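K.L.:
Each chain is listed here by its residues.
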Amino acid sequence: MTKGSTQATQKGAQGPDFKTSTSVRYGLDRVFAALVFVATLIGLVVLAVLLVDVAKDGVPLLSWSFITSFPSSIPTSAGIYPVLLGSLWLLALTALISVPLGIGAAVYLEEYATDTWLNRLVEVNISNLAGVPSIIYGLLGLGIFVNLLRPITGGPSLISGALTLSLLILPVIIIATREALRAIPDTVREGGFALGATRWEVIGSHLLPMALPGALTGTILALSRAIGETAPLIVVGAATYLTFAPDGPLSRYSALPIQIYYWVSQPQPEFQVGLAAAGIVVLMAVLILTNSFAVWLRNRYQRRI
Amino acid sequence: MAVEARDVRSEAGVWRRESRARHFRERAIKVVFTACAYVSVLTTFGIVFVLIFETVGFFRQVSIVEFLTSTQWSASFANGEFGVMVLVYGTLLTTLIAMLVALPVGLLAAIFLSEYASSRLRRWLKPALEVLAGVPTIVYGYFALTFVTPLLRDTIFPNIQIFNALSAGLVMGIMIIPTIASVSEDSLYAVPRSLREGAYALGATKREVATRVVVPAALSGIVASVVLGISRAVGETMIVAVAAGQLAQFGGPLESVQTMTAYIVQVASGDTARGTLTYQTIFAVGMTLFVITLLLNIISYWFVRRFRETYE
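Here the protein sequences line up with chains A and B, keeping their order. Those letters in the first sequence? Residues -2 to 302, by the numbering used here. Those letters in the second sequence? Residues -18 to 293, by the numbering used here.
Only chain A is shown next, with the shape it has when bound in the complex (with noise of 0.2 Å):
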């Protein structure tokens, strides 16, 4: 049998590019591998060259006075008080919003729904709602809380974006706690009944305690996407330009994003790429802080069990 044969064959069985000699096979492989490994680092890269070029232009801006000055035009004296005030005013508004519905809706679903067309229709829903994109929940917001809720909301305030928020980060919320409840073994639901709990005091005092943890990493995870949303705050009328900090819920509000869009958005390179830069750390450095506490909070649990 002559090696051409051999290859008609293969060529006809197997499509015209197998290729007979195992040296070119495996030396394509090599190169194959090296793609792929290249091709995972390239993001990493990316990430690398991304930080290492925001703290080479802001953190020699960043001092206590940038944290504690009002935005200005003067670059040297411009900071960010009022907006990392009202970052801080719209987390807390949102945690408070959404954690409450985020975990009510995940009890439900996971504890109390019966596999009816009108519960599906919520999960269909649910994971439908985690595609839209968040400029669109910003319309949402615009259309109902700041136009139609107005005389309870107050327009354009702390209030309204806190809501909108909210409904952007609930899907999220709530699939990781329905993960976190599903995670809990089926003996313990049994045995509370058993005793003669009712349903809620297995959840109330079982459930809700284990599923605790997994839940909460889920939602400070959603939190800390909310921090940096820019897009639907801009739609609900977050203000680019304060002159006062906010008070109360219903004051008006811009936020750290906000405040970094507006420089980067100006001409000059003193706002385009110092101060951008410097609130850009400021921003990531929150952000470490509470994707940190999340990991941290992961790790504890997982020991646990």
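Where hints are given, some of them may not hold.
Claimed, not checked - In silico lysine to aspartate or glutamate, DMTMM-like type, Cα no more than 20 Å apart, as pairs: (1) B/Lys11 / A/Glu120; (2) B/Lys187 / A/Glu108; (3) B/Lys11 / A/Glu108; (4) B/Lys107 / B/Glu62; (5) A/Lys53 / A/Glu267; (6) B/Lys187 / B/Asp167; (7) B/Lys11 / A/Asp112; (8) B/Lys11 / A/Glu198; (9) B/Lys11 / A/Glu187; (10) B/Lys11 / A/Asp26.
Hint data in this document are derived by calculation from the structure and do not stem from the laboratory. If you're wondering where the values come from, they're calculated on a predicted model, not measured in any experiment.
Could you slot chain B onto chain A? The hints should help.
P.N.:
Showing chain B alone in chain A's frame:
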């Protein structure tokens, strides 16, 4: 009421078989939880209601034919043109550039994580890649405008504009890598070992197993990840608003374009009174965006169900 029931139980030292208060509390709590779950349905209704309500107002003043066929977008002028296709073009161009980066890089990274990396390396790399998805998009916008554009101008494209579709698209692609890598990797990893072993037994090399057996077997998940990535890119706002500019035109990759999302941000940054045509315009554009992402979600859902390979 709850306290009362508990007090009676502890004082008497016996379990009360039938307590009205306990029964009432159970029902009340269930109603509260149910209400929480229906908030999500209300959200969807709210979105659809707001978009339709304002869009109907918009189409009372602008014909739907003009909206869909005109090739000019100058909505901020009096007697402006409302050809949404100009904005759709901006969105498609930046999305295309982003997918040209994210699809190959994300898929190759998924192959590395699933087929090549040791389980220890995988445990480290996957969360590290996901950090990319957690960076706020305004930060990417800053990076595209102040780092990538100058870099491109100094190296490959000396006549690139300050605001351009290319750097916005490239950076958006980087942002979407983890979406594609993570979802694809899940489906690659789920391909049963026996398929790989069968291919090895027939003399295939590692690369051949990965590209000719594992990837085709996981195709439905890979396609789902790509559609998800496209839908992220279409809805992405801050990167394009900062780096691609606000010029609604059929521009090339080196020129400024305006996406649907960037238009909404541009209008919302200023003061726009409710009920004006400009106010209604952002809802009409939002409606277009919502319909496109909804279609993408439906395609992805349908594709996964239709082509899912199930193995025992």
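K.L.:
Each hint should be assessed against the structure and marked as holding or not.
P.N.:
Comparing the hints with the structure gives:
1. B/Lys11 / A/Glu120: Holds, at roughly 18 Å.
2. B/Lys187 / A/Glu108: violated, 46 Å
3. B/Lys11 / A/Glu108: holds, 10 Å
4. B/Lys107 / B/Glu62: Cα-Cα ~47 Å, so violated.
5. A/Lys53 / A/Glu267: Holds, at roughly 14 Å.
6. B/Lys187 / B/Asp167: Status holds; Cα separation ~19 Å.
7. B/Lys11 / A/Asp112: holds, 16 Å
8. B/Lys11 / A/Glu198: Holds: B/Lys11 and A/Glu198 sit about 12 Å apart, inside 20 Å.
9. B/Lys11 / A/Glu187: holds, 19 Å
10. B/Lys11 / A/Asp26: With Cα atoms ~59 Å apart, B/Lys11 and A/Asp26 exceed 20 Å; violated.
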